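Assemble the complex: chain D is given as a structure, and chain Y must be docked to it using the hints.
Which chain is which? The protein sequence lines are D and Y, in order. Take the first sequence: its position 72, counting from 1, is numbered 72 in the UniProt record's numbering, and each next residue is one higher. Take the second sequence: its position 120, counting from 1, is numbered 120 in the UniProt record's numbering, and each next residue is one higher.
By construction, these hints were calculated from the structure, which means they are not laboratory data. Quick caveat, the model's predicted, so the values are computed rather than measured. Here a beta-carbon is modelled for each residue, glycine too, at the ideal position from N, C-alpha and C. Please note that a few of the clues may not be correct.
Unchecked claim - Derived list of chain Y stretches under chain D, where covered just means 3 residues or more per stretch with a C-beta under 8 angstroms from a C-beta of chain D:
no. : segment
1   : 22 to 30
2   : 45 to 58
3   : 289 to 299
4   : 325 to 335
5   : 340 to 348
Unchecked claim - Sample of chain D residues at the chain Y side, in silico, Cβ under 10 angstroms:
no. : residue
6   : L27
7   : V45
8   : Q86
9   : V90
10  : R292
11  : L297
12  : D301
13  : R303
14  : R305
15  : D321
16  : F324
17  : A331
18  : R332
19  : L336
20  : H339
21  : G352
Protein chains: 2
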Amino acid sequence: MGVTFPVVGMVGGGQLARMTHQAGIPLGVQFKLLSDGPRDSAALVAADVVVGDYRDLETLRAFARGCDVVTFDHEHVPTEHLRALQADGVVVRPGPDALVHAQDKGVMRARLTAIGVPCPRHRIVTGPADVTAFAAEGDGYPVVLKTVRGGYDGKGVWVVRGEQEAAEPFRAGVPVLAEEKVDFVRELAANVVRSPHGQAVAYPVVESVQVGGVCDTVIAPAPGLDPERSAHAQDLALRIAAELGVTGHLAVELFETTDGRVLVNELAMRPHNSGHWTQDGSVTSQFENHLRAVLDLPLGDPRPRAPWTVMANVLGGDYPDMYFGYLHCMARDPGLKIHMYGKDVKPGRKVGHVNVAGDDLADVRDRARHAADYLRGTIQE
Amino acid sequence: MGVTFPVVGMVGGGQLARMTHQAGIPLGVQFKLLSDGPRDSAALVAADVVVGDYRDLETLRAFARGCDVVTFDHEHVPTEHLRALQADGVVVRPGPDALVHAQDKGVMRARLTAIGVPCPRHRIVTGPADVTAFAAEGDGYPVVLKTVRGGYDGKGVWVVRGEQEAAEPFRAGVPVLAEEKVDFVRELAANVVRSPHGQAVAYPVVESVQVGGVCDTVIAPAPGLDPERSAHAQDLALRIAAELGVTGHLAVELFETTDGRVLVNELAMRPHNSGHWTQDGSVTSQFENHLRAVLDLPLGDPRPRAPWTVMANVLGGDYPDMYFGYLHCMARDPGLKIHMYGKDVKPGRKVGHVNVAGDDLADVRDRARHAADYLRGTIQE
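One chain only, chain D, in its complex shape (with noise of 0.2 angstroms):
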């Protein structure tokens, strides 16, 4: 069988990657990982591990030779690495002119501009007086910068309220994109998958809640959105998905505004946080969904298998160990689905996720945040 059946290799041990792993094992495909280090969150479960640096071309070369396809658990893979591998025939996906748009933030806004795709209010700016320029082009301060490449999860990212505080993006020497402070009621994502023939699928559109930059919880679907609204938004994502040549999955993170507007906030073209809620509430999940379109695969039903389902990230707290809080969470809650990403422990940093489904949003969402917060130590109840 392993013959026919076709050679995934992802590059980035992360948990994205140890995910796509487990999905990939009933689907009887071969999965290779070029991961950092040995004890990467995916290193710790694969089978077929290569450890090296994914900035390095040769490196690259090397794990692409036993790959039918080569895709990504993170965006930070030089483009001129990703046309390199192409040049050579290695099949890459999504391709670097697709990735390109969730490298760099600039490339992203002037792209989707020039499809009608609605986004804040942007421009690339030269330094801290050009900001107080873009800021007096529309309602002023405060503005967002942003570096057009490397950020995530809050880094990268600054809101200004004045010319003083706007130095500070600039300090790296990197180029920084402005953008107006949306003024949105919540954000959402729209998530979709794509395979290299054209067919995509669109899940179903969740309310993201962040905190301090970083996505707290995901709840779907968006309660209470408008069904024309949400499928708007679903157009959209497709559109995209299909106008920047995505293969693969696409995670459209957007901005429901207070005048009933959807604006285009990010995109990441892998598996992304706001679909970790598919592995317990969907028919197929997104990670299954990733490796389908990324092996030109028929795609799976991306439909919701609960009337509701609610994601809570499991982020580090001050105590290293959670082995007890989820011991507790687990006797508490039967129902409960828990995914450690064999992570240590850090504050803040991302080293887990619930997920409930159910009938019940109140419950549902209750449940999920207990079990979150009982395994960070926010809570002792």
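For chain Y alone, coordinates are given in the frame of chain D:
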């Protein structure tokens, strides 16, 4: 985190170990495998694999050294080796005193009868003439003969119609058990999981359709099963688990007889084919609950997630390459859950299974059967 999260060692590299590893990933436990070979089903996907012979005590001892608990994907480890490991201080679950009832059908029958569990009429027989004597004590031939150890999937089982046919099972020189040929309506299975401190959960009783002594289809729950009989079967299984001191998953295969009784056919103390439906049909799969039980973690909710779930085994057919059938089935039915074991295809060999969950039994059964038959090559459309 790895410091306190426990290490579970599983002996045997088959598909049960493969799916147990998969279930252990979200639990964050460390999974160690003792596999016969590096290309065994579970060895293809697990990170921490020791290749060695489970019949060799020193191999088992070395393997057990790094494990907080040792458990099994099959019943073939010699009882005396398990006792030796226990004497070394190794935690073995299920322990040899329980496991012997799944290893030796003579011991199992004697014990179940002693605790009042209904079984087919049975007796250890010494030769063909003794079989005829056994037959004469009941309704005569046919009689079922079984080697007391080593049989599975119809191997080591004979239905004999007279004294001449009864000679065959004695040729190997191993003890033989005679049983009445039960006049049954159908076969059922009651699956339960029990942890060392005595917590136990019972899955819905399922119907198991056997073809040629091999499990073909499992329907959860068993259609039209009288609720009292269902509760009785669950009670029986829970009682057996408690009386025999089982830790982990216990499958109790049952006959539902034409005269309205439920008789125990076989026991298995590990995840079992009749519980594969739980991966996609229940809140907590048998694999996750087996791990939770042997690690003495609180058990997960065994309740079904859909009114009906049907599992169909994918057996090898004449054509060794299933990949195109696999593509076809995925494209035809996006809700199909395929589980491939990474095994070479050989005629009649279990190489995977499919699960389908839904509201309409006929639809769910048709879809599961179609996929299994198509993958095997029995049907071409």
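Note to self: Taking beta carbons only, do three or more residues of the segment 22 to 30 of chain Y come closer than 8 angstroms to chain D?
What the structure shows: holds (count 6)
Checklist line | Claimed coverage, the segment 289 to 299 of chain Y by chain D - three or more beta carbons nearer than 8 angstroms | finding: Check passed, 4 qualifying residues.
Notebook entry, point to check: Holds or violated: D:D301 as interface residue toward chain Y, Cβ cutoff 10 angstroms?
Noted result: 4 angstroms, holds
Notebook entry, point to check: Taking the least C-beta to C-beta distance, is D:Q86 closer than 10 angstroms to chain Y?
Noted result: D:Q86 check fails; min Cβ-Cβ to chain Y is 25 angstroms, beyond 10 angstroms.
Checklist line | Given coverage of the segment 340 to 348 of chain Y by chain D, checked by CB-CB distance under 8 angstroms (3 or more) | finding: Answer holds; 6 residues pass the 8 angstroms Cβ test.
Notebook entry, point to check: Would the stated hint for D:L336 survive a check requiring a Cβ distance to chain Y of less than 10 angstroms?
Noted result: It holds, given that the least Cβ distance between D:L336 and chain Y is near 8 angstroms, below 10 angstroms.
Next item on the list: With chain Y as the partner, please determine if D:R332 meets the hint condition of a C-beta pair closer than 10 angstroms.
Entry: 8 angstroms, holds
Notebook entry, point to check: Once the shortest beta carbon distance from D:D321 to chain Y is found, is it less than 10 angstroms?
Noted result: At 5 angstroms from the nearest chain Y Cβ, D:D321 passes the 10 angstroms test, so the hint holds.
Checklist line | Given hint D:R292 near chain Y, where the shortest CB pair must fall under 10 angstroms | finding: 7 angstroms, holds
Next item on the list: Tell me if D:V45 is really an interface residue toward chain Y, meaning its C-beta lies closer than 10 angstroms to one of theirs.
Entry: 5 angstroms, holds
Next item on the list: So, D:V90 near chain Y? Judge it on the closest CB pair being under 10 angstroms.
Entry: At 21 angstroms from the nearest chain Y Cβ, D:V90 fails the 10 angstroms test, so the hint is violated.
Notebook entry, point to check: Should the interface hint for D:R305 be scored as holding, given a Cβ-Cβ cut-off of 10 angstroms against chain Y?
Noted result: 6 angstroms, holds
Hint violations for this structure: numbers 8 and 9, all remaining hints satisfied.
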